[in-house]
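A.B. asks: Those protein sequences? They're chains A and B, same order as listed.
My numbering applies: residue 15 is where the first sequence begins, and numbers increase by one.
My numbering applies: residue 15 is where the second sequence begins, and numbers increase by one.
One or more of the hints may lead you astray.
Since the list gives no way to pick out one identical chain from another, each pair is judged satisfied if it fits inside one copy or across any two copies.
[Unchecked claim] The calculated DSSO-like cross-link candidates involving lysine-lysine, where the alpha carbons are at most 30 Å apart (straight line), are:
no., residue 1, residue 2
1, Lys32, Lys154
2, Lys236, Lys341
3, Lys263, Lys154
4, Lys265, Lys281
5, Lys236, Lys79
6, Lys341, Lys263
7, Lys32, Lys333
8, Lys265, Lys154
9, Lys32, Lys341
10, Lys32, Lys229
11, Lys88, Lys265
12, Lys263, Lys281
13, Lys136, Lys88
14, Lys236, Lys265
15, Lys229, Lys265
16, Lys117, Lys32
17, Lys79, Lys117
18, Lys229, Lys79
No lab work stands behind these hints, which were simulated from the structure alone.
There are 2 protein chains.
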Amino acid sequence: MHPPTAVLLHGKGEDEVKTRVCELLGIEHPIIQGGMVWIATPELASAVSNAGGLGQLTSGKDPEKLRASIRQTKEMTDKPFGVNIPLLLENAPDLIQVAIDEKVQVVITSAGNPAKFTGHIKEQGIRVCHVVPSVRMAQKAEGSGVDLLVAEGWEAGGHNAYDDVTLMALVPQVVDAVQVPVVAAGGIADARGFVAAFALGAEAVQLGTRFVMTKECVAHEKYKEAVAAAPDTGTVITGRTFGPTRILKNKLAEDIISWEYQGVSAKEILERLGAGRSEKALLHGDMEEGSPMIGQIAGMIDEILSVQEVFDLILGEVKPALERLQKTLGS
Amino acid sequence: MHPPTAVLLHGKGEDEVKTRVCELLGIEHPIIQGGMVWIATPELASAVSNAGGLGQLTSGKDPEKLRASIRQTKEMTDKPFGVNIPLLLENAPDLIQVAIDEKVQVVITSAGNPAKFTGHIKEQGIRVCHVVPSVRMAQKAEGSGVDLLVAEGWEAGGHNAYDDVTLMALVPQVVDAVQVPVVAAGGIADARGFVAAFALGAEAVQLGTRFVMTKECVAHEKYKEAVAAAPDTGTVITGRTFGPTRILKNKLAEDIISWEYQGVSAKEILERLGAGRSEKALLHGDMEEGSPMIGQIAGMIDEILSVQEVFDLILGEVKPALERLQKTLGS
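With the hints as constraints, model all of the structure from the sequences given.
C.D. replies: Next up, the structure:
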C-alpha cells in the first residue's frame, strides 16, 4: 500500500470527482460507506460524512436505538448521512418512520421489495437508494421510484444474493438496464477498484470491508486482525441453501457448509445456529463460533487507517491511475 | 450494443494499445481468445490471430488430432497462436511434445502444476503462460518460470476453482504479488470490461464467452441461441464438491446441484453423469442434458458477430471510454 498522498485533493476544484450521485446526495466525493450490521455506528458514519463521502448507519432492529444513533450522528457531523434499512425486518415500517421523523437525508433499503416504501419516503424529501444483485431487481427498484441503485456483486461481505453475479458482470448490465445512477459495491478497496468501477459505468462506489478496517470502526480487535491476515481466498459463502452470507473462513463456516452438503434442512441449520452469530464475531471477537461477515477484498487490506486516510489513499491515487491507463490504452 | 466503429484503429500507431503482453507474444492487440474445450478450433483461433489478438487451440486429448489442428491453423494464419493444455490430462506430456514439435509460439497451461513442464517448454523458445485462480497459485506458477499469467475470476465459464475469487478482487492482488504480466479473464465482453481490467492492473484480457458468440465459432446454433437469451443470472456453478464448472442454468445443472445437496458422493455423481456432457451441449446442442459451459458475461451478449467485428467493437470503444473516465474522474 502507498502512503496517503492526497490531502491536496480536498475541496480543490480541479481535482474533484463530481458525479450525479454527488449531486443527488449532496456529498463531495462519490464514496458511500456500507451500512454494516452492528458496526456502522455514529462514530464511523460521521467520520465518513465529515471526510466528504456518505456515511451510513445500520438501522438495527430497535427503533428507539436507531433514533438515538441518528441524533448522536447529527451531533458529530452536519453533513448528509444515510440509514440502511433491510426491508425483510418485521418492523421495517417503524424504522423508516424514525428515519423520516429524524430527517435523515438518505434511506438505503435492501433485502426486500422497495415498492411498498419508496414513494412514502420520497414524499418526505428523503433520497431513496436500493441495493440490488441483478438486472431484474434493478429494474423493479427503478420502477418503484428510487433515486439511485447500489449494484452489489458476489464479492461483497455479509448478506448476499442466491445468484453469484460478480461486479464485473453486474455493473455494466445494470447500467444498461436503468436510467438512475448506479453505485458499485463489492470488491473495491483502492483506487484501482474505484477507477475500474467507474470504467464499468458506476457513478459512485460503496465500500464496506475497507471501512471495517478503520480506527473509527468499533469492530472487535480480533476480528480486524483476522481480516488483516486473510488472503484472497480467505472468505467463503455460507448458507447457499437458506441465506447466502460471505464470511471469513472459520469453524462456523465449515460446519454450516458441511451441514448443507449433508442435506440438513435450512430450518434445522437455523436452529443449530441460534441468534447472535455475527454480533459474536464482529463485536465480541469470537472468530471460531461467530459469523465474521466481510468482503472478498479483505485479502488486499492489511492495515487499519483512519477514515480520512482511506479517502486520501483512494482519491490521491485516482489521477496516477488514470494517467497509467491513458499511457497504456490512450493515444 | 453499438455498431462497429473502430476500423480506423488497425495498425494506426497513435491509437494502438501495446503492452508487455503484446511484446511477449508478438501480437498487435492485448486480447487473447480462451482455449475453450471442443470449440477453440483452427477456424476461431486463426480468425483471432488474423485480427491481431492471440488465437488459442484447445488441445483435446488426442495428440495426433492436436497435430492436425495446429497444422490446419498454420495454413489459415501466419501470426502467433497458442495451445491450451490442461495439465491434469494423463497424456499432457504427449500433447506438450506435439506443441513443441509443431513449433507453436505459445503454450497456455491450466488445471495442474506448471513446475514439471514450464522449463522444458521454454527451452524450445516457446512462451509459457499459466492460468491461475488465486495469489498462491500465481506465485507458484511464477516460481516455475512462466512468462505470464492469466488470472481467471469466478465469472469465467467452464472449469473453475474451488474458491470463488472474482476478477475485481483477484487481479490487483495477483498483480501486487508477481512481477510477470497478468492477463485478466472472466466477465469481460466489451470496452468497459476491457478498460476496467487494465484499471485493475492487467496488461491484456482473455475472452471466452464473447468469442463463443462469433460466426467463426463452430459451437452448435442452439447453444449460441441459449447464450444470447441468458440474463445476467443465467449461469450457475455445478460441481462445487468435485470440480466447479460454470454452465448455463438447465436441467443438468439443477440435477447436479440437487444431488450435491442431498449428499450424493462425487464418485456417484460422476458415474451418473458419464462422459461427453459438454460435447453434448456445445457441439450437439442438447441444452437440457448437456453441460453448456459459458461465462457469466453471457447476459451481456445477444448477438453473433464476426471475430473482426468483436475486435472493432471493443477496441473502437476504448478511446471514448477513456474520455468518459477522464471527464468524470480527471482534472
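A.B. asks: Now tell me if each hint is right for this structure.
C.D. replies: Going down the list of hints, with the structure as the test:
{"no.": "1", "hint": "Lys32 with Lys154", "result": "within (27 Å within a copy, 42 Å between copies)"}
{"no.": "2", "hint": "Lys236 with Lys341", "result": "neither (42 Å within a copy, 42 Å between copies)"}
{"no.": "3", "hint": "Lys263 with Lys154", "result": "between (34 Å within a copy, 22 Å between copies)"}
{"no.": "4", "hint": "Lys265 with Lys281", "result": "both (20 Å within a copy, 26 Å between copies)"}
{"no.": "5", "hint": "Lys236 with Lys79", "result": "within (26 Å within a copy, 56 Å between copies)"}
{"no.": "6", "hint": "Lys341 with Lys263", "result": "neither (39 Å within a copy, 41 Å between copies)"}
{"no.": "7", "hint": "Lys32 with Lys333", "result": "both (14 Å within a copy, 21 Å between copies)"}
{"no.": "8", "hint": "Lys265 with Lys154", "result": "between (38 Å within a copy, 27 Å between copies)"}
{"no.": "9", "hint": "Lys32 with Lys341", "result": "both (23 Å within a copy, 10 Å between copies)"}
{"no.": "10", "hint": "Lys32 with Lys229", "result": "within (27 Å within a copy, 42 Å between copies)"}
{"no.": "11", "hint": "Lys88 with Lys265", "result": "neither (40 Å within a copy, 54 Å between copies)"}
{"no.": "12", "hint": "Lys263 with Lys281", "result": "both (22 Å within a copy, 26 Å between copies)"}
{"no.": "13", "hint": "Lys136 with Lys88", "result": "within (21 Å within a copy, 64 Å between copies)"}
{"no.": "14", "hint": "Lys236 with Lys265", "result": "within (15 Å within a copy, 44 Å between copies)"}
{"no.": "15", "hint": "Lys229 with Lys265", "result": "within (27 Å within a copy, 49 Å between copies)"}
{"no.": "16", "hint": "Lys117 with Lys32", "result": "within (25 Å within a copy, 53 Å between copies)"}
{"no.": "17", "hint": "Lys79 with Lys117", "result": "within (16 Å within a copy, 71 Å between copies)"}
{"no.": "18", "hint": "Lys229 with Lys79", "result": "within (23 Å within a copy, 61 Å between copies)"}
This entry does not satisfy hints 2, 6, 11, going by the numbered hints stated previously.
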